[in-house]
Amino acid sequence: MTTVISPRREQPAAQAGRRTVRRPRKRQTRRAWLGIAYAGPAAVMVALFFLVPLVLVGWMSLHRWPLLAPPTFNAPENFTDIGDNELVRSATWFTVKYTVVITVLLFAVALGLALLVQHRRPGVGFLRTAFFLPMAVGFASASLLFLGLLSDEIGPVSDLLRAVGLIDGYVSWTSGSANSALGSAVVLVLWRFAGFNMLILLTGLQAIPPEIYEAARVDGASRWQTFRRITLPLLRPTIALVLTLMVTGSLLAFDQFWILTRGGPDNSTTSLVMVIYREAFIRLDLGSAAGISVVLLGVLIVFNVIQLGVLRRRSS
Amino acid sequence: MNRSRIGWSVTGAALAILFLFPLLWSGWASVRTGSGFGLENYDRLFTSDNGVRPHHVINSLVVSALTVGGTLFVATLGGYAFGRFRFPGRDLLFLVTLAILMVPYATILIALYVLLGWIGLEDTLIGLSLVLIMFQLPFSIFMMRNSFEAVPHELEESAQLDGCASVGTLVRIMLPAVKPGLITVGLFAFLTSWSEFFAPLILLNSTDKFTTTLAVVNMRTASHGSIDYAALEAGVVFMAVPCLILFAFMQRSYVRGFTSGAIKG
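Taken in sequence, the protein lines are chains A and B. Residues in the first sequence are numbered consecutively from 493, following the numbering used here. Residues in the second sequence are numbered consecutively from 1116, following the numbering used here.
Because the hints were derived from the structure by calculation, they are not lab data. Any given hint could be a false lead.
[Said to hold, decoys possible] Cβ-to-Cβ under 7 Å is the rule here; a few derived chain A residues that face chain B: (1) L526; (2) P545; (3) V592; (4) F623; (5) G630; (6) S633; (7) L744; (8) A781; (9) A782; (10) G790; (11) F795; (12) N796; (13) I798.
[Unchecked claim] Sample of chain A residues facing chain B (criterion: CB under 8 Å; computed from the structure): (14) A534; (15) M537; (16) V544; (17) F618; (18) L625; (19) L637; (20) S643; (21) D747; (22) I768.
[As the list claims (entries may be wrong)] If you want the ones that stay clear, here's a sample from chain A, every Cβ over 12 Å from chain B, calculated: (23) E569; (24) V596; (25) N759.
Where is the CB? At the ideal position from N, CA and C, for every residue including glycine.
Throw the hints in and build the complete structure from the sequences for me.
Written out as structure tokens, the structure is:
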């Protein structure tokens, strides 16, 4: 087969000067149409289920849009109402607080794990799998898992802490107090996402050439110096990426609070996305939900654009 | 040197226990009954008033099958187009597809709910699957484009010179060459659709349309008094087992998906 093909394949290359004028252009347009045809389904999906809703959410935010009645124009009421909404204010404050706590803790844990398993040695594969395994469980399932784990009824955590004398009596972790409810969600998110972020940081760590470490060792740099002066700077793009994922994910937190704490006690763990859900499907006011969505969307896009700019500048 | 190795092993082992413990505990709690061990909790999971019904499991399977099939179809064709063809609007469409990642889920689901109502797909498994496919596209098309780009051009050209039509080339020559990418894309489409909670919560209204995840969570949220924690853990195990089995068999596709997803940024 190859003996038949190879001389024919060389032909266009040999006669390129003469032939570029007609045949290739015709072939190119045919290829272009084929490409458009293959990209068609993706284009339809993206247009119908991404671009249209994107415009629609903006359009909805300008209207009073009850779930079951025709919409009426009311701009900018949905936006001015946001400022007066007490729940939005407390949810914004809580979401920002949660985002800061999670980003700091999750980053520290993930980086610690990545450093722990960065070198090949016996047992490292098992550790990586163990840390990553929670990622295989769906996040909603993981939230239910922790609901049981932290419960006084069947969970071992309270029993364990009572046994060592850290607490006494009945403690309700997920709904007892604002801080313990937040703490429960934080522990859940650390457990479920540390391994994932570890894996991303690990790819960054492994991209650092070993010769650089070797050179630092020869120069007599201490472990801490090597980490500060070599690992951290060279890992910066990966760190930026991981932090972006953490911040975006935390600003959009829903499952963990909806399932684990139900937003309580007293709405103290109600996140912004929970407020959007409540406006839309409990208060049946889709316009107001769209208004909050648009603001959140704007904040996240600005954040992402800044982030991309920073990433670009550093990598160039 | 030796002491630091011991320190490393002890730290690693302690952390591994900490990370594995919740999973092992949920398995243990799901089979633990008042008097010993048995499947009573699973029995309650499937028979109690708010519990999981067989049609919930079927709904989950239908949504997963539609999402995996649809994602593979759209992403394979799209990846082939982006990886192997030049056409006007190519870069723009690719950028807009990736921009789906920049626009968070929750913010456009309200609009998707209204949109599905307009096109008659409100409260349907097909509507939910279409939305899940759309959210899979940035990752999947990126993955498939890279897979197609990595196939040597000679392979495709020789097929065309043998008289293979474009579709024939794709199916017979290209698909086998991008199989690892297809497996990763399919795996992630399954895991997302199987475990997804927020999109079904918004897009499905009637309880007989619920997916298993929604039904299990409903056991917690619909109960006003006491929560049947043991039955919940049975539900957690029921949901997690397929994912853990897939993980055990396809760890490599898993890790490839996560790391390539990470590099894309």
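Hint check:
A cut of 7 Å between beta carbons decides the hint on L526/A: the least distance to chain B is about 6 Å, and the hint holds. Look at P545/A: its Cβ gets to within about 4 Å of chain B, closer than 7 Å, so that hint holds up. Because the smallest distance between the Cβ of V592/A and any Cβ of chain B comes to about 18 Å, over 7 Å, the interface hint for this residue is violated. Interface hint at F623/A: satisfied, since its Cβ lies 5 Å from the closest Cβ of chain B, which is below the 7 Å cut-off.
Given the 7 Å rule on beta carbons, the hint for G630/A holds: about 2 Å separates it from the nearest Cβ of chain B. Taking 7 Å as the C-beta contact cut-off toward chain B, the hint placing S633/A at the interface holds, the least distance being around 5 Å. The beta carbon of L744/A is positioned within 7 Å of a beta carbon in chain B (closest approach about 5 Å), and the interface hint is therefore held. With a cut of 7 Å, the hint placing A781/A at the interface with chain B holds, because the nearest CB-to-CB distance is about 5 Å.
Nearest Cβ of chain B to the Cβ of A782/A: about 6 Å, under the 7 Å cut. The hint holds. Of the supplied interface hints, the one on G790/A is violated, with its beta-carbon coming no nearer than about 10 Å to a beta-carbon of chain B, more than 7 Å. Interface hint at F795/A: violated, since its Cβ lies 10 Å from the closest Cβ of chain B, which is beyond the 7 Å cut-off. Hint on N796/A holds. Least Cβ distance to chain B is approximately 5 Å, under the 7 Å limit.
The beta carbon of I798/A is not positioned within 7 Å of any beta carbon in chain B (closest approach about 12 Å), and the interface hint is therefore violated. Because the smallest distance between the Cβ of A534/A and any Cβ of chain B comes to about 3 Å, under 8 Å, the interface hint for this residue holds. Interface restraint check for M537/A: the shortest CB-CB distance to chain B comes to about 5 Å, inside 8 Å, so the restraint holds. For V544/A, the interface hint holds, since its Cβ comes within 8 Å of a Cβ in chain B; the closest pair sits about 6 Å apart.
Nearest Cβ of chain B to the Cβ of F618/A: about 7 Å, under the 8 Å cut. The hint holds. The closest approach between the C-beta of L625/A and any C-beta of chain B is roughly 7 Å, which is under the 8 Å cut-off, so the hint is satisfied. Interface restraint check: L637/A against chain B, minimum CB-CB distance 5 Å, threshold 8 Å, status holds. Because the beta carbon of S643/A sits about 5 Å from the nearest beta carbon in chain B, less than 8 Å, this interface hint is met.
For D747/A, the interface hint holds, since its Cβ comes within 8 Å of a Cβ in chain B; the closest pair sits about 5 Å apart. Proximity of I768/A to chain B holds as hinted, the smallest CB-CB distance being about 6 Å (cut-off 8 Å). At roughly 17 Å from the closest C-beta of chain B, the C-beta of E569/A stays outside 12 Å, upholding its exclusion from the interface. With a least beta-carbon separation of about 19 Å from chain B, V596/A lies farther than 12 Å from that chain, consistent with its non-interface assignment.
Listed as a non-interface residue, N759/A keeps its Cβ farther than 12 Å from every Cβ of chain B; the least gap is roughly 16 Å.
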